[in-house]
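J.: Residue numbers (the working numbering), protein chains in the order written: chain A, 1 to 425; chain B, 1 to 425.
Just so you know, these hints were derived from the structure itself, not from any lab. Being a predicted model, the structure only gives us computed values, none of them experimental. Ideal Cβ positions, reconstructed from N, Cα and C, are used throughout, including at glycine. There's no promise every hint is true.
[Said to hold, decoys possible] Below, in silico cross-link-like pairs of lysine-lysine (DSS-like), each with a Cα-Cα straight-line distance of 30 Å or less: (1) K44(A) to K385(B); (2) K188(B) to K137(A); (3) K75(B) to K184(B); (4) K154(B) to K137(B); (5) K303(A) to K75(B); (6) K355(A) to K75(B); (7) K143(B) to K75(B); (8) K137(A) to K366(B); (9) K79(A) to K399(B).
[To be verified] Derived, one-sided and incomplete: chain A residues facing chain B with beta-carbon distance under 10 Å: (10) M19; (11) T247; (12) A349.
[What the hints assert, rightly or not] Cβ pair distances, simulated, as ranges: (13) T220(B) to Q350(A): 45 to 55 Å; (14) Q350(A) to T174(B): 48 to 58 Å; (15) D377(A) to K82(B): 48 to 58 Å; (16) K226(B) to R363(A): 22 to 32 Å; (17) R46(A) to D377(B): 24 to 34 Å; (18) P390(A) to T220(B): 18 to 28 Å; (19) K79(A) to A103(B): 51 to 61 Å; (20) G365(B) to T310(A): 46 to 56 Å.
Number of protein chains: 2
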Amino acid sequence: MKKISQHLSDSSIKEEKNMDIIKGGVTAAKGFEAAAAAAGIKYKDRTDMALVYSQAPCEAAGTFTQNVVKAAPVKWDQKVVKSGSKVQAVIVNSGIANACTGAEGYGYCEDTAVAAAEALGISGDGVVIGSTGVIGKQIPIEKLTAGIKVLAEKKNDSLENGTQAARAIMTTDTFEKELAVTLKVGGKTVTIGGMAKGSGMIHPNMCTMLAFITTDADITKEALQKALSGDVDDTYNMISVDGDTSTNDTVLLLANGLAGNPQIRYGSEDYKAFAEALHVVNEYLAKKIAGDGEGATALFEVKAVGCESTEQARLLAKSIVCSNLTKTAIAGHDANWGRILCAMGYSGAQFDPEKVDLFFESRAGKIQIIENGTAVDYSEAEATKILSEPEVTATADVKLGSSSATAWGCDLTHGYIEINADYRS
Amino acid sequence: MKKISQHLSDSSIKEEKNMDIIKGGVTAAKGFEAAAAAAGIKYKDRTDMALVYSQAPCEAAGTFTQNVVKAAPVKWDQKVVKSGSKVQAVIVNSGIANACTGAEGYGYCEDTAVAAAEALGISGDGVVIGSTGVIGKQIPIEKLTAGIKVLAEKKNDSLENGTQAARAIMTTDTFEKELAVTLKVGGKTVTIGGMAKGSGMIHPNMCTMLAFITTDADITKEALQKALSGDVDDTYNMISVDGDTSTNDTVLLLANGLAGNPQIRYGSEDYKAFAEALHVVNEYLAKKIAGDGEGATALFEVKAVGCESTEQARLLAKSIVCSNLTKTAIAGHDANWGRILCAMGYSGAQFDPEKVDLFFESRAGKIQIIENGTAVDYSEAEATKILSEPEVTATADVKLGSSSATAWGCDLTHGYIEINADYRS
């Protein structure tokens, strides 16, 4: 079963050996429930709170923003994940970031955990929190606790509820983002599902968005954290919408063990299979976030190949994908390769500009633009045709080695300005 | 005499002791001539070439882009400045960058120098070159050499010709940028004048624009280079329009010694006076470039104060001024202080977010927005009034020390997208 998603084709989802893509998101794995509620925290006419709940306590792993300014929920989650507490619920609101809110704001995290624990009949140590929205405003805690009660009543394990949760966490996103996959571990079916929101404030320096991944795998906390930490640098950290790293970026991965598989330990074959499947979910969600950047009309994929090291490849790919000048060129369907070479040049990576080859590719075809640092005699009309597709790939080959990296972003359009001149985030 | 310039008030020009602001630009200093020509290199109906010529050979200092990809004229100028050759002419074209053009492109620099030397009756070693425009296209050398002949015929030392040269080097700039000052050195009047162009591809990592400064001071090559190198980090390197560092950034400073002052040596009192006057010219031109960013409607000045070091202050100020989210907020006259704290947080500088104070200021008044990391009870209406002026200053105090830095940028508007989706740079 293939999930047919919005706006962007899913042609790029790799079906790994021993892996299937199935319908659903955070409720696809056994024992996970979800719900959405309209708590009126910021929005009047839409849901703005989500619950992810596990019938059994979960091992929890997380990665968080590297911004010096961390929102209160980020500090809260870091404490919970580090403590080793088993986690059973995630409470998310998409109206208020609860960042730059001081001791009062952190107190609302405690209140949230207490209210969720009471409503769900679980331990307060087992509640993690995600938030996104306006910075600097305090949480209207009565509305939030009222919302928690609604979430606790409405929660169930249907795929529909998972989708509703994925919708409730959106801010300026234009569609919900979710995916689920299954793999076999010791004869048992293990499921990994997730949801994410992005759009504003998307930048490589850590995920810069919210992503919640659930799995029924039985896996050690060490293996879970390593699988997540080892993957974010290739997925969420390689996307950029506007170069701003948010105060609230959070990726949480919860494993409740209900699949009944032999426990996955770090370094084993089963671990590798689990990590690969997790990567498919993360990459899919990351690409969906990139392609749904504020005002975006195209997903812009950049591959740096022939590099001496992965670090060099990441620097080059990210520098290209973050350049406003490159992104406006993509919006204009313009094969402006000079801007791409320029962005490579100030990336911080060392390379020989006179060795670079550059290609553009999309469903409309593939074309070489530069060979050894200067333009080949390509057709501008053909290049424009290729660049007019909703998914465009630029591949830069620096011919120094065999390392590579891929980054994802979007074009920069009038829509971005419209959204951000008025939206108070 | 105060020069009354376009769009932005000149209230910020400091009149140093022993210094006057006078009319003019590159032709203000003794013995300097200029001209503009319509060579048809890219534009059809405007001038696109400029000459700056000195009647006497000049000591030359320069600072250049840090981009790994350097345009051919940048490589040429670096060679000339390093060689110690005396310089007598600058040839600029604003149609074609001559970047990513390989050996053929570098050859056109040699051709340019030969043609200029012949037309002006000077040595080919004494010709430096500036260029800006389309990357990757080769120079139409016949048009360029024809343009050089016109420039050589038209050149004179009038202020009007200086202004015409300042106009000819513009690309997407909306007005020419020039300033001149005088100071007394050993009883003699020394003049420093300059012109610059910016607009697209403006970023802190080196000047990211073209600036040509002329002076009739008698000054050693060492002192000249140190005065320039010591100042660019506080001026051209502190401006940002879009975060992209160009392949062509060049600041050239020429001194022909015709003022007849006692020679200025590095470290002397006269050197300090000269460096201060040069700073006034550089800061003025840098601010004009920032305020004339593509599509900009406001100059956005950011001061980081109370810092532990100048480096920390620069990181903080530049991170705020480069943030797309901050810049769109300024375009929307929105006191979005959360975005400013967020940009400080990912700047790479360490500080305590819960100590930060933030103020907005303009001709319409001054208002405190944050005290110790959280919002004070300020009036949104008053903040919007302050942010609706054409020059807006944000001051962030991290209360750690006594160092400070100032950065300049502009708001991010629809105009930026319009210009860059179509302009092939």
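J.: Could you run down the list of hints and mark each one as holding or not?
T.: Comparing the hints with the structure gives:
no. : hint                           : verdict
1   : K44(A) to K385(B)              : holds, 28 Å
2   : K188(B) to K137(A)             : violated, 60 Å
3   : K75(B) to K184(B)              : violated, 35 Å
4   : K154(B) to K137(B)             : holds, 28 Å
5   : K303(A) to K75(B)              : holds, 29 Å
6   : K355(A) to K75(B)              : holds, 17 Å
7   : K143(B) to K75(B)              : holds, 22 Å
8   : K137(A) to K366(B)             : holds, 22 Å
9   : K79(A) to K399(B)              : holds, 28 Å
10  : M19                            : violated, 35 Å
11  : T247                           : holds, 5 Å
12  : A349                           : holds, 8 Å
13  : T220(B) to Q350(A): 45 to 55 Å : violated, 34 Å
14  : Q350(A) to T174(B): 48 to 58 Å : violated, 37 Å
15  : D377(A) to K82(B): 48 to 58 Å  : violated, 36 Å
16  : K226(B) to R363(A): 22 to 32 Å : violated, 56 Å
17  : R46(A) to D377(B): 24 to 34 Å  : holds, 30 Å
18  : P390(A) to T220(B): 18 to 28 Å : violated, 60 Å
19  : K79(A) to A103(B): 51 to 61 Å  : holds, 60 Å
20  : G365(B) to T310(A): 46 to 56 Å : holds, 51 Å
Checked against the numbered hints given earlier, this structure breaks hints 2, 3, 10, 13, 14, 15, 16, 18; the rest are met.
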